[in-house]
Amino acid sequence: MFPRGGSLIRPASAGASEEKKAVAGGESLFKIAGDHKVKKKKQDKKRESFGGVGGSKKRKSREADSDDVEKKSTRANSLQLKTLEPGTQILGVVTKVSKRNATVSLPCGLNGFVGIEHLSDQHEASSDQVSDSVADYLSVGDMVRCAVVEVERLEHNKRRLLLSLAASAMNSQETIRLVKEGSYVYGNVQSVEDHGYVVSLGSDSCTGFLSFKVGGGSFDTPALKIGQVVEAIVSSVVEEGKKGKKTGGKRVLQLDSTRSKVDEFVVESCPKLDALQAGFLVKAKKREYLEDGLAMTFCGFYNGTVDMFHLDDWKLDPKMRRENRKKPRQGTLMARVLFVNFKTKEIGLTLVPNLVNRGKDAVERTIASCKRVGHVIDECAVERIDQHKGVLLSVKLDDDENKMEDDSELFAYAKRSTISKGSEDPEEIVQLNKKYKVGQIVPAKVLGFAAIDNVFNVSLAQSVIDASVLHYDELKPGMKVKGKIAKIMDKGMFVSLSDNVQGFIHANQLSDVAISDPSSRFNVGETLNLRVLVVQFEGNRPKIYLTNKRSIVTSSLPPITSFDEAIPGSVAQGYVDHTSKANGVIVKFFNNVRGQVSGSELESMGVDNPQETYPVGKVVKVRVISCSPLKQRMQLSFRTASANAGVSNGLGPGSLVSGKIISKTKTDLTIRLDRGFGAENTNEEPEEGTPVKKKRKKEKRIHVTIPSVHLSDSTAYGKSLLKKSYKEGSSVENIMLLISQGDDTLIGTLKPALLAANRKRFLPSKFEDVHENATLVGYASKVIKEGVEVSFLNKFKGFVPRANVSDDWVDDPRDFITLGQTVCVFVNNVDVDSRKVTLSMKNSALDVNKPLLEGYVTSLVEDKRKLAPVEFIQKVQSSKLSIGDILEGEITKVLEEGVEIMCENGLVAFCELKHVAPGKQTGDKIEARVLDIDFEEKYLDVSMETSLLESAKKKKKLLANGNFKGTVHLVKENYVVLSLGNTSTLCVAPVTLYNGRLINLEVGMQCDIRVVDPSFMGSRAALGEISITHKKSTQRRRSGSQLSSDLNVSLKLGALVQGVVKDITACGMSIRLKGVACDSDIPGSNSLYAYVNVSNIADESTVKSSMASGESVLGAYSVGDAVEGIVTSIESKKGKNLRSDNVVHVGLSLRECDKQSKQVKELEFDDIIVGKKYTGYIQDFYNGNLNVVLSRHVKVQVFSTLVSKDLTLLDDLFNEHKHDRLKKFVPVEVEVIRIQPARSIIYGSMLS
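According to full-length UniProt numbering, the sequence shown is numbered sequentially starting from 1.
One or more of the hints may lead you astray.
[Unchecked claim] Under the rule of at most 27 Å between Cα atoms (straight-line distance), these lysine-lysine pairs were calculated in the BS3-like manner:
#1 Lys864 with Lys666
#2 Lys954 with Lys920
#3 Lys953 with Lys396
#4 Lys914 with Lys938
#5 Lys588 with Lys476
#6 Lys920 with Lys965
#7 Lys972 with Lys723
#8 Lys782 with Lys766
#9 Lys953 with Lys965
#10 Lys543 with Lys581
#11 Lys543 with Lys480
#12 Lys389 with Lys487
#13 Lys1161 with Lys1195
#14 Lys618 with Lys543
#15 Lys396 with Lys938
#16 Lys875 with Lys723
#17 Lys491 with Lys618
#18 Lys880 with Lys766
#19 Lys389 with Lys435
#20 Lys1205 with Lys1195
#21 Lys435 with Lys487
#22 Lys588 with Lys482
#23 Lys396 with Lys1062
#24 Lys1158 with Lys1052
#25 Lys893 with Lys972
#26 Lys213 with Lys723
#27 Lys480 with Lys213
#28 Lys782 with Lys719
#29 Lys660 with Lys618
#30 Lys1158 with Lys1173
#31 Lys1173 with Lys1195
#32 Lys158 with Lys581
#33 Lys864 with Lys724
#34 Lys836 with Lys864
#35 Lys797 with Lys782
#36 Lys866 with Lys719
#37 Lys484 with Lys437
#38 Lys476 with Lys631
Hint data in this document are derived by calculation from the structure and do not stem from the laboratory. These numbers were taken from a predicted model, which means no experiment stands behind them.
Could you build all of it, start to finish, from the sequences and the hints given here?
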């Protein structure tokens, strides 16, 4: 996709000894200029001695060739299909996965394909133990090492590159021979044994073994599949058989596949080129700058090149590169081998951090960027013009969907062939430097994305930009497209959607009415508005079927492209595919989805001749009555108006049903509903006056599926409950329907929180049920890095941005929330125009009420009760003990933590040491008060405290709700048990909620309690809520939708403006301004964005309180909040890397003191004084330094040893799993100890 090529001539300055070694070993990877000239002179003398007349001419020809080589040697090595040979090893990134193959992005803009048969040696051998789906082994964004199988020639002079991931293709005999302890190996899982995995290395002389302890899983539930790729480090080598003999024993390698060890393993030496593999991490030295990259040496004598897209300093000006070619900057860099072409002996390297470190960002970038294929990027800046080859462009993506976490810039390359396509003046296109200038802004259409090179492949041709479709992959059933008629036949017409995409319109799809002679109605070259009916991928070229029926093309009804989209009660448009009096009418939708209108309905409508009334091809409007995606059956009706639209057989979302378990899998339960729930007769009721035929009526029974995550509010308990508590044939009650997808496919839940929320109307089913500032309960249906999608009833959803997931900063919601987890959310913003709901999961924003507390604690108790043994439950029930009761027993054991007590009915109690009365020993009879019944551990928690026993005997019960002073007596994982003042009642209060922990308490602590239920779950204990004194202010901020639409403020310094929080980033907030217009002398747009640095958010008093409590100043804000601030800076920048010629950057301050003074002085680098203390905000911990933000332009680096004197905290700094002890964006005090003006670095200390 971009030009590269040529060989590299090694410079004379290289060490002579290294050259001799390379030549002697036969592993010289590049031609050496000096040796080449000597050999050439000897050959010329030999020819002259034989009297060759043409020697001088040939010599001149060879000299000319040598000059060409010199010219080509200034460019980086590249991969080309015509030079690729089987065995070439390449590092790639998976960009597309299907059942049978995967597409891999390779360097230099190439794409390769890995078929199911080339996934491993086991797949090539057609083993019965391997999976038949590539998706089980690979996913989009995976970085893979692969070997070239062949370059397959296709029709129309096209080629396809076939790749292999098999160990036999990746490992040469030389590689296996050189393996020793501490080496890297590549293999495929061959089998699962009692203690681990046997790993095939592609050789009979050597095999690997990976234990379950390292590889994970067990014999019954292995973590690795047969044929799966294993990359590991050899921890030890065991020789079998006779040693020292070539035909002797077989070596067994003990492997360690720890991801961090494999990714960080550095190859120090490689004696043979055959042993070098793509993906090796090496230490490389810069040797020479090239026109489009850098030449480097590694592992002693190997030479490789880095093209410009894989440089860490690609922004270096080309002129500087040419000046520095003979004087490259010295130093050793970490590089990863990108490809090894064993035939041409060319090696490619990469210095890109994502590839060198094999980070997760590459996965997210690949997924996000691949979505842009086919999109038009309106503004791309020209970075470089390669005459006769193409144009390099910079692309800045501002849309939220594709915005990368590191906000790095992306690049695109337009080949000359994609620029000149459709041009009327070829000479103009050849002169690219006349048509384009560096810095010029041009539109481009994305043709593809080279994930490994991180470069978009684009076209600048206007005809391509205007085309609606470029590739078959862009076409989806139901899509509206434009096409030109290419060929007209009696059976239909061929239509060109673009240069490479063609579709077919069948004769019965040419119009709403039948057309006998298409050529009389249509002309070749005519443009039509069409709609895609079917996309069939058969062989190398897909088949596209289109429709020109005007009523379908212009229909605004939602298209049905799969059985999952056929929601009962919905109305859709289709066309008649088949008609008969007995079976009724078969109606066809998009993607070959069919449904049936019964013959009885036609009869009831008075239709005597269905073939005449509903001919094949007629467009009809129908209502979905029921649909079974599993059976692929759909029942339709021509009666589109229905009193019960959206609800099938009265079983709508929110309905409670009961039934029996008929099947059970590892992931869900299938329940057949009891008679009376939605049951219907298969024979319809006859109309009046029709004779009744005596037939046996068959009742249709309906099934409900309950996924394991919906068996409990806790996803962890859900799997245990599915395994232990539910058996086939047992009855299940109080199943609430979540989604009504038809009579045969209902989805239900048993989550206690959702059941309670539905009773109290905290569980909406449509957009109209939601209003701002409401508290709702739902479940996490999708968790991504950008946030959490929360689902309610009937597929109604809202979104929690990452900044709204917790009061503390959350880097990745996937580490905080699990899929299916019950969550409690606060409605932050309701956008009526887009019908989108923005939510918040911050505990400080939630209105915790009685139903929420009841649902949460009930769920905890019931889940543990269901998992408890039946004998223990029976003993508790027979004893009639409850929290707060007094029991008698005998001490049987005295332990360090407390004492064990044997009670009546064989129950065992445990009393912690702090609750044991003084002087008690084994055999003593005691009285104790029950604090809790632990169904999970099968014992009672009790206390012998005199105060508790005396208060129980007073029998001063709690009769009403109210506020009390409570004392903590027992601390559990999710709740505490407290005594309430002078009353005899004990209180259970949760310390965690659905979204996480609320407060940390210890035994003996006192706190304020609000009792919400004096008799919880029929027991003698109360349910209460702990009043958190240090909790953030729950004062509701205005939503963005509440801002006045009449705002009209001129943008200038000191102006007071309003806006909506769009994102909370690493160091502040992004604000979309509302009602703000630029002055005439400031270039900009009507839609303006501003940025508030973390140092300009809170006043001094708020900063001090945040510093004392250790809370972030950003925690008080959520995405969607309305804010008001003062303009501190306005910058109109113009540059080659900007999306437009002029972009306005607005700085804001939300501090009240700045609003009153209307003057803001930003702290600059030159203002910093050594020895002075400043207030800053913790940003992150990276490379042994703590980064602290002082202002928008100033940061301070604090060495780890200068952060704290707490050794435990310092140890946690270097443990990435414990970084939460240093909460981000918390204000701290930093003393400046040193300034380096040349490097613009400030060093500080937090010890003082």
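These are the hints, each one checked on the structure:
1. Lys864 with Lys666: holds, 20 Å
2. Lys954 with Lys920: holds, 25 Å
3. Lys953 with Lys396: violated, 74 Å
4. Lys914 with Lys938: Within the cut-off at roughly 21 Å; holds.
5. Lys588 with Lys476: With Cα atoms ~17 Å apart, Lys588 and Lys476 stay inside 27 Å; holds.
6. Lys920 with Lys965: violated, 30 Å
7. Lys972 with Lys723: holds, 25 Å
8. Lys782 with Lys766: holds, 19 Å
9. Lys953 with Lys965: holds, 20 Å
10. Lys543 with Lys581: violated, 33 Å
11. Lys543 with Lys480: Distance of about 17 Å is within 27 Å: holds.
12. Lys389 with Lys487: violated, 35 Å
13. Lys1161 with Lys1195: holds, 16 Å
14. Lys618 with Lys543: holds, 23 Å
15. Lys396 with Lys938: violated, 60 Å
16. Lys875 with Lys723: holds, 24 Å
17. Lys491 with Lys618: holds, 18 Å
18. Lys880 with Lys766: violated, 45 Å
19. Lys389 with Lys435: holds, 14 Å
20. Lys1205 with Lys1195: Status holds; Cα separation ~22 Å.
21. Lys435 with Lys487: violated, 36 Å
22. Lys588 with Lys482: Cα-Cα ~22 Å, so holds.
23. Lys396 with Lys1062: holds, 18 Å
24. Lys1158 with Lys1052: It holds: about 12 Å lies between the C-alpha atoms, which stays within 27 Å.
25. Lys893 with Lys972: Given pair Lys893, Lys972 holds - Cα atoms ~22 Å apart, limit 27 Å.
26. Lys213 with Lys723: Holds, at roughly 24 Å.
27. Lys480 with Lys213: violated, 54 Å
28. Lys782 with Lys719: This hinted pair holds, its Cα atoms lying about 19 Å apart.
29. Lys660 with Lys618: violated, 44 Å
30. Lys1158 with Lys1173: Within the cut-off at roughly 26 Å; holds.
31. Lys1173 with Lys1195: holds, 13 Å
32. Lys158 with Lys581: With Cα atoms ~52 Å apart, Lys158 and Lys581 exceed 27 Å; violated.
33. Lys864 with Lys724: holds, 12 Å
34. Lys836 with Lys864: violated, 38 Å
35. Lys797 with Lys782: Within the cut-off at roughly 10 Å; holds.
36. Lys866 with Lys719: The given pair, whose Cα atoms are some 12 Å apart, holds under the 27 Å limit.
37. Lys484 with Lys437: The given pair, whose Cα atoms are some 35 Å apart, is violated under the 27 Å limit.
38. Lys476 with Lys631: holds, 23 Å
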